[in-house]
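> Letter by letter, the chains look like this.
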Amino acid sequence: MITAKNLSKRYGRALALDNLSFSIEAGEAVALWGANGAGKTTTLRCLLGVQGFEGELRVNGIDVAQNSKAARAAIGYVPQETRFYDMPVLETLHFYARLKKASAARVGAVLEQVQLTAHQNKRVSMLSGGMKQRLALAAALLSDPPILVLDEPTANLDVQAQRDFIQTVQALNQSGKTIVFSSHRLDEVIALGSRVLVLSEGRLQLECAPPELAGKLGLHRWLRIWVAAQHKEPTLQVLNEQGYTFMPNGRSVYVQVSLGGKIAPLRSLEQARIPVEDFDLIEGEMSPLEGNHD
Amino acid sequence: MIDFANVWAITLKELRDALRNRWFIVFTIAFAVLALALSALTQNSGSLTRTVSYSRTAASLINLVMLFVPLISLTLGSANLVGDRETGALFYLLAQPVSRVEVLLGKYLGLAGALLATLTLGFGAAGAALALQGSLQDAGGYLFSVVLAYLLALAMLSLGFLMSTLARRTTAALGGALFLWLLLVFIGDLGVMGASVAMRLPIETVFTIVVVNPLQMFKIASILTIQASLDVLGPAGMYAADQFGRLLLPLLLSGLVLWIVIPLAAALSLFARQEKFVIKRSALA
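Going down the list, the protein sequences come from chains L and G.
To convert, note that position 26 of the first sequence is 26 in the numbering used here; the numbers rise steadily by one, no gaps.
To convert, note that position 159 of the second sequence is 159 in the numbering used here; the numbers rise steadily by one, no gaps.
Where hints are given, some of them may not hold.
What the hints assert, rightly or not - With beta-carbon atoms standing in for the labels, derived distance ranges:
| # | chain 1 | residue 1 | chain 2 | residue 2 | range |
| --- | --- | --- | --- | --- | --- |
| 1 | G | Asn21 | L | Ala14 | 16 to 22 Å |
| 2 | L | Ser200 | G | Arg273 | 29 to 35 Å |
| 3 | L | Asn67 | G | Phe4 | 43 to 49 Å |
| 4 | L | Pro88 | G | Leu41 | 54 to 60 Å |
| 5 | L | Glu283 | G | Asp3 | 41 to 47 Å |
| 6 | G | Trp23 | L | Asn249 | 23 to 29 Å |
| 7 | L | Ser200 | G | Ala89 | 27 to 33 Å |
| 8 | G | Leu183 | L | Ala109 | 49 to 55 Å |
| 9 | L | Arg203 | G | Ser269 | 56 to 62 Å |
| 10 | L | Trp226 | G | Leu178 | 54 to 60 Å |
| 11 | G | Leu41 | L | Lys101 | 50 to 56 Å |
| 12 | L | Ala26 | G | Arg169 | 25 to 31 Å |
| 13 | G | Leu183 | L | Glu54 | 57 to 63 Å |
To be verified - According to the in silico footprint, chain G covers these stretches of chain L (three or more CB under 8 Å from chain G):
| # | stretch |
| --- | --- |
| 14 | 96-102 |
| 15 | 202-214 |
Simulated from the structure, these hints should not be mistaken for laboratory data.
A quick note: this is a predicted structure, and the numbers were derived from the prediction, not measured.
All C-beta atoms, glycine included, are put in the ideal place defined by N, C-alpha and C.
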C-alpha cells in the first residue's frame, strides 16, 4: 500500500529525513514514534506530496513525486490541529467534497459517522477542539479513501474526546482502512497501532509491535499516588510486600507499573483500606524524580 | 492538467468569503455611493452642456477608480495567500487532491469576480443615474470605461497575488501593497512630473516612464475613450497622440493585459515551485 525507499529531505542544512525506508501493507495501522524533530511530520508531509523529497515513495501504487495529486486522492488527512476556513460545518464539507469528487450524499453520511449532524449549521469557529477533529475526520472520509494519515490527531483533545476519536479510528481500521499516524502517546500507539516505526533524527531506529515499544526503548510508566501523611508508611509497606518498584517523594509515591497493570497498586491499597487522595500516570525514559512533574 | 472543477470550487468559496468580508462590503458600498455622488454633483454643477457634463462625470469616475480600485485590489490580493498560509488553512487545502496552480487560479478568479461585481455595481449605479438624467451621451464609451476599470482591477490583483507569494507575513504583504499603491498613485504621477522638469527628460522618455505605470495606462486609455483631448495629460499625452495615433488605445489595452498576465504568471510559477510559501517553518518537524 505504501513503500518508501531511501527517503531523504533537507530543510536548508538540516537533514529531516535520512534515507528512510519502510513499507506498509493494506489494512495495517502503523504508528510513527519519535521525539520532536525525529521526522514524523516530515514523513507524513512527504506521503501527501506537499513537499519535495529525494528517494522513492509510492502510495497505493502511485509515484508521489510524479503525481502527488493522485496520491492525495487516495489519502484522507487529519492534522494535529485542522485549520478550516470559517464556514458552517455543512458548507465546509460540501467544499471539500467537491475537491475530492465525493457525492453530496456522502456529506450527510460522514456527518452521521462522526456524530456531527446536530452541529452541521454551526460555524467551524464555534466548534470545540474535539468537534473540529471529528470534522477533520469527516472531511478525510468524504471520498472513502483507502488510506488515512493522522498527524498526532488527539494531541489537543481532552481525555474523553481522545477515547472517542481513537475508537472511531479503530473501527475504520477494522473496516479495512490503512492507517498511518504519528503519536507521542504510548497508550494511543498500543490502542491503535499494529506496528510501530521508531524514528530518530530522520532515520528508522526500530520497528516493533506496539506492546514491545516500552521495553525496547526503556520507557517506563509510573503511577504517582498521593496519600495522607498518616498513611504514608502503611502505603510503602503494602507496595513493598507486593513487590513493586517505588520511590517516595514528599506526600506522594511513584510506583513503576506495567502497561496493563496501572490499576493493580490502587487495588492493593484499597484492599489494605488505605484511602488514595489522588493519582497520576507518567510515561518517560527516565526516573520520574529526574523529570519535572511537580 | 488543470482540473477546472477544482478551480471553480475554490473560486466559489473565495466569492462567498469576499461577500462575508466586512472590509470588502464597506468598500463596495463606499464605491457605489461615491460613484453616485460624483455623477449627481457633476450633473448639477450649473449651466454646462450635457456633453461637457458627461465628460466631467466620466473624468471624476476615472479619478475615483484610480484611487480606490488599486488600493482594494492590491490589499485583497496581497493578504490572500500569505494570510491563509499563516493560519494553516492553505496547508490543509493543499493536502487535498488539488494542485497549487488550481488553488492559486481559483483564489484569483474568486477575488476577481468579487472585485468586478463591485465595479459593476458602482459604475452601474452612476450609469443609471446619468441615464435617468438623460446625460449618458456615449453609452458605448461609458461601458468601455468600465472594461478599462476591470482591466486595472485585475492588473492590481495580479500584483497583489505576486506580493502574497513573495511575502512571509500578512503584515509585510499589506505594507508592500500600500507602498506600491502610494508609488503608483502619487509618487508615480508627481514624481515623473517633477523628474521631467528637474532633469529635463526628453518627451519620449517621460512617455515611456508614464506608460510603464498601469494606472497611467488606464488614465490615458480612459481619457481617449471619453473622447477628451489628451492635452489634459500635458506634453506626454500630446506626444502619445502624435506618435501612435489610432494605435495608442490598442497599445494601452495590450499593456494593461500584460500587467494582468505577467505578475499572475510569476505568482503561479513561484507558488507552484516553492514549498516555503506553503509550510510555516515553525511547523516543520
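> Take the hints in turn and mark each one as holding or not.
These are the hints, each one checked on the structure:
no., hint, result
1, G/Asn21 with L/Ala14: 16 to 22 Å, "violated (38 Å)"
2, L/Ser200 with G/Arg273: 29 to 35 Å, "holds (31 Å)"
3, L/Asn67 with G/Phe4: 43 to 49 Å, "violated (18 Å)"
4, L/Pro88 with G/Leu41: 54 to 60 Å, "violated (43 Å)"
5, L/Glu283 with G/Asp3: 41 to 47 Å, "holds (45 Å)"
6, G/Trp23 with L/Asn249: 23 to 29 Å, "violated (57 Å)"
7, L/Ser200 with G/Ala89: 27 to 33 Å, "holds (32 Å)"
8, G/Leu183 with L/Ala109: 49 to 55 Å, "holds (53 Å)"
9, L/Arg203 with G/Ser269: 56 to 62 Å, "violated (35 Å)"
10, L/Trp226 with G/Leu178: 54 to 60 Å, "holds (59 Å)"
11, G/Leu41 with L/Lys101: 50 to 56 Å, "holds (53 Å)"
12, L/Ala26 with G/Arg169: 25 to 31 Å, "violated (43 Å)"
13, G/Leu183 with L/Glu54: 57 to 63 Å, "violated (42 Å)"
14, 96-102, "holds (count 5)"
15, 202-214, "violated (count 0)"
When each numbered hint is compared with the structure, violations occur for hints 1, 3, 4, 6, 9, 12, 13, 15.
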